[in-house]
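Turn these sequences into a full structure, and let the hints guide you.
As you go down the protein sequences, you meet chains A and B in turn. Going by my numbering, the letters in the first sequence line up with residues 135 to 600, in that order. Going by my numbering, the letters in the second sequence line up with residues 449 to 1065, in that order.
I should point out that these hints are in silico values taken from the structure, not numbers from a laboratory. What you are looking at is a predicted structure, and each value in this text was computed from that prediction instead of being measured. Accuracy of the hints is not assured; some may be wrong.
[Claimed, not checked] Straight-line alpha carbon distances no greater than 30 Å define the calculated BS3-like cross-link-like pairs of lysine-lysine that follow:
hint	chain 1	residue 1	chain 2	residue 2
1	B	K916	B	K945
2	A	K217	B	K1005
3	A	K331	B	K1005
4	A	K168	B	K1004
5	A	K210	B	K994
[Claimed, not checked] Only some residues are given here: those of chain B computed to face chain A with a beta carbon under 7 Å:
hint	residue
6	A539
7	V540
8	P725
[To be verified] One-sided excerpt, in silico: chain A residues whose CB lies under 7 Å from chain B:
hint	residue
9	D321
10	D482
11	K484
12	I598
13	G599
C-beta atoms are modelled at their ideal positions from N, C-alpha and C, and glycine is treated no differently.
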Amino acid sequence: MLTEDTISAISTPLGKGGIGIVRISGTLSLQIVKRTFASHNGNENALSVSHKVYSGKIIDPFTKKVIDEVLVTVMKAPNSYTKEDVVEISCHGGMAVLSKVLDLTLKEGARLALPGEFTKRAFINGRIDLTQAEAVIDIINAKTETSLFNTVSQLHGSVANEVKSIRSLLVDVSSKLELSIDFLEEDVPTQSLDEIKKTLIDAKERIESLVDSYKSGRLLREGIKVVIAGRTNAGKSSLFNLLLKKDRSIVTHYHGTTRDFIEEDLLLDGVTYKIFDTAGIRSSNHEIESEGMARSYELIENADINLLIIPASEDLTEEDIFLINAINNKNKECLYVLNKIDLQQQVDSKRISEISGIASEKILKISAKKNIGINYLKNRIKQLITDNQAGLDTGKTVICNVRHKNLLDRALKYVNAAKYACEKKASEEFIAFDISKALNCLNEITGRFYSDEVLDKIFNEFCIGK
Amino acid sequence: MIKTNTFEVIVIGGGHAGCEAALASGRKGCRTLLLTQNLDSIAQMSCNPAIGGLAKGHIVREIDALGGEMAKCIDYTGIQFRVLNVSKGPAVQAYRAQADKVQYRLYMKRVLERQSKLTLMQDTVTKILIENNAIKGVETQSGNTYYTKSMILTTGTFLNGLIHIGLTSFPAGRFGEFPSTDLADAIKTLGFQMGRLKTGTPPRVNSKSIDYSFLKIQPGDEPPSPFSFSTKKITQKQIPCYLTHTNERTHEIIKNNLNKSPLYQGNITGIGPRYCPSIEDKVFRFPDKPGHQVFLEPEGRDTEEVYLNGVSTSLPLDVQKQILRSIKGMEQCEIMRPGYAVEYDFVCPTQLYPSLETKSIKGLFHAGQINGTSGYEEAAGQGLIAGINAANLVSNREPLVIKRSDAYIGVLIDDLVTKGTKEPYRMFTSRAEYRLILRQDNADLRLFEFAYKENLISEKEYKGLLEKLENIKTKINWLESTRIKENDDLATEIKSKCNCQIKFPVVLADLIKRPEFSIIDIINNDVSHEVANQVEIQIKYDGYIKRQEKEIERFKKFEEKKIPENIDYYDIYGLSKEEMQKLNDIRPLTFGQASRISGVTPSAISSIMVFLKKVSR
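This is the structure in structure tokens:
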């Protein structure tokens, strides 16, 4: 907020609804979006004209993966809300996609906007009417109070403690580095680069685990994505309807009825699951359906849990085997579900076990039509979430706040840089440089700013005074 | 009568701050008077006989770059020169020299005496004259009145100075010198908020009574590196220092005598520096440490007095003697001057603008220990800036404010005027957030534009520095754009100089980035050593340097954005009572400064921005 940098945020209310906007404001905004945007018609000059809407895709420049189809609106300074260069990216892939697009803009050099910051800039740059001035202050103060509240209480107590504890590790390393720089002639213990590196690795792993926990934090906030996958007519929609106890998907015995996907929330023991019914996979030349299938693959890829439905009543097909392999390779949580066990069985769990390598007793047997094995399936889903690192057990430290996650990501980057400097046997001041940057990031989470902390620690712990 | 007693600038005090202040003012063409209680203690080194060290050495180089005298003086009078931290990166290497104390002050006195426009006068100030909240002049003990519109106070440890040796205490500025009590009262009447600090000094012993034969010798560097950018070579012979240690027996003696310590008996109320504790403090606070270092530092060429660095104490003289005689090599030592503690008043520096002018009295500047600092270098740096700005005030020029990203002097002054200090403030490199850029090697390049603008370096020196800058740029460009192949002449030459694996073709700059390469392997002697050194540092540490430069650039607009002086913080919607009060006390000049006041939140900064926008419409 204090600088002339470029800020970015999701500017539509969080929650339901597929469409949302990521807004970026500042001198770098065009540059940032240009690096991640591919225009539909391949136009090199896309985004160059102000107040025009461009359609295209947002692509992660590192993985080259398409994140979403978007509409991008360019509003050049001074004719924008903030009177700076503003770019708005309208996405329609839901919350997860919005977060991803936001994440990309942050990676490309934007800073996460503080509450009320767009409005503040609008005011500072003379966009808003005079009478609104004090309202702006109220927004800033109110929101800052909320985020202050976030840092002390909404922030899981254990998160605060963990961040503080990582912080004190870094303050400790920092004080030892400074000791060896500023007090070289003192008769005090020095720390070897190896010891420093050890502490940095410790800090790094602990920050990483916090960053990872964001995923579970996100799971808690946005719901756990459960994707029902399988070839056509495997009984996916029947299971979907049964889980949600309503007839939303059209259930027929014809192949390929569900052509896109359907999403519904399911609440199990207070945890929200987003259940996706997908288009079945099969070789098809019907265009709409094959696009639906592309969607299915994408959903499988982004799922937290996949339920792979295989009809027991028919022989395994090419598609079944393809899906088993595909999901196995993704290293995703997956439950293999043999459906239609009420009919004559052509496939048994042993067969699937052979192909997938999953113990046959772990393969579930259900009949969606006859409501057999459904409760067990639900229990297995719940169990997966509590057993694995989803972090839903209350004792675990979980990051929920995107601002915190962003700051931890940055801290991690600096700790890694410091570790790298250690490995390169760089002089202490270079290592200290990145550690102090990492500390600044953690300070923004704990809300603690105290410039003489390192010196105080040195004077308290070491006998200085040549 | 009035005419001869009227000066454009008056400097009160002839210590390290006063000297630089008077010289800067005189060099800027102002008719300047320096008043001191004793002309023979001009530039006296009251404590250790050394200049420089980590961060302090950086300041000395900056003073030199800004046309000050300290670096030249120590180059001329030093008896031992060392570069510290040579195994580390260039940003944290620093120069330190042992001084010949007597030579040092004689040299400085001579420079002052010869400075045009500068008058020296021995007298004691008893009264400060103020008119309409502006400085008018001073009255002295000898019954004279001197008039001025611009005055710098550099009082050192003299304001209500009180020396403690054991449970005995007596008023003194330094041992054997009168304190300034009238002046202290005069300052108090001006309404300043004052505080009390304490510092200490170790005993001095006679060298002939020390047995050096088992002590570790500490010689100077050969060849010695000069402080000043203008010193070509240091020719004088160097003298070594020695190292010994206290031991269990020493500590026993100290523990048994704590009841005679003014520090432990509560006689001393002033706050001492934590980085420079007395030996009794060290023993008390770190009882498990079996020994503490004692450096034996000669006080000069023409004296046998030795300074015992590490055993600052305020215990009684007989205990001091017992302590010293328990230390290896000092069994027979004779104390020539006792160690002591001195308490003194300082004026809380948050009452100053970054120009070092007081906010409440126009034309009154404070520099040095009066601002709560410790150290010759910290004092001299402030003196220089105060001198420049006192002169600027006379000629209606904008004050010189050096930013934290420009110099350690900027960090020092910003810390003082924005945060104040609770203990004697000493500079450390860790205080500088832009440490990788504020190096001692580039002090001239960082500051010469300021020096030129302030008329403190000549046209010729300025042109020389411009040329140096240009040469560095050209060389870097060449190295970054030259790709050599295996069969090139240069490749053969490089291979012959360096026994390393090189994958051709290679860009020369990339070679320099490798730790095993030095620039002299690659470039010939077509540039000066200084230029080659800069080129090498800038290429080798390019990544880190660029990151810091980017940071500075990012904060620049915000840092420089001015807050009008007449702003009424109590009128600003959205500020807490505490923030209003703090902002009103400090009255920051820029948003950068405001953001560094402790307890002022980012949303308070937003509130100020919105407020200013509102009133400007």
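Earlier hints that do not hold, by number: 3, 10 and 11
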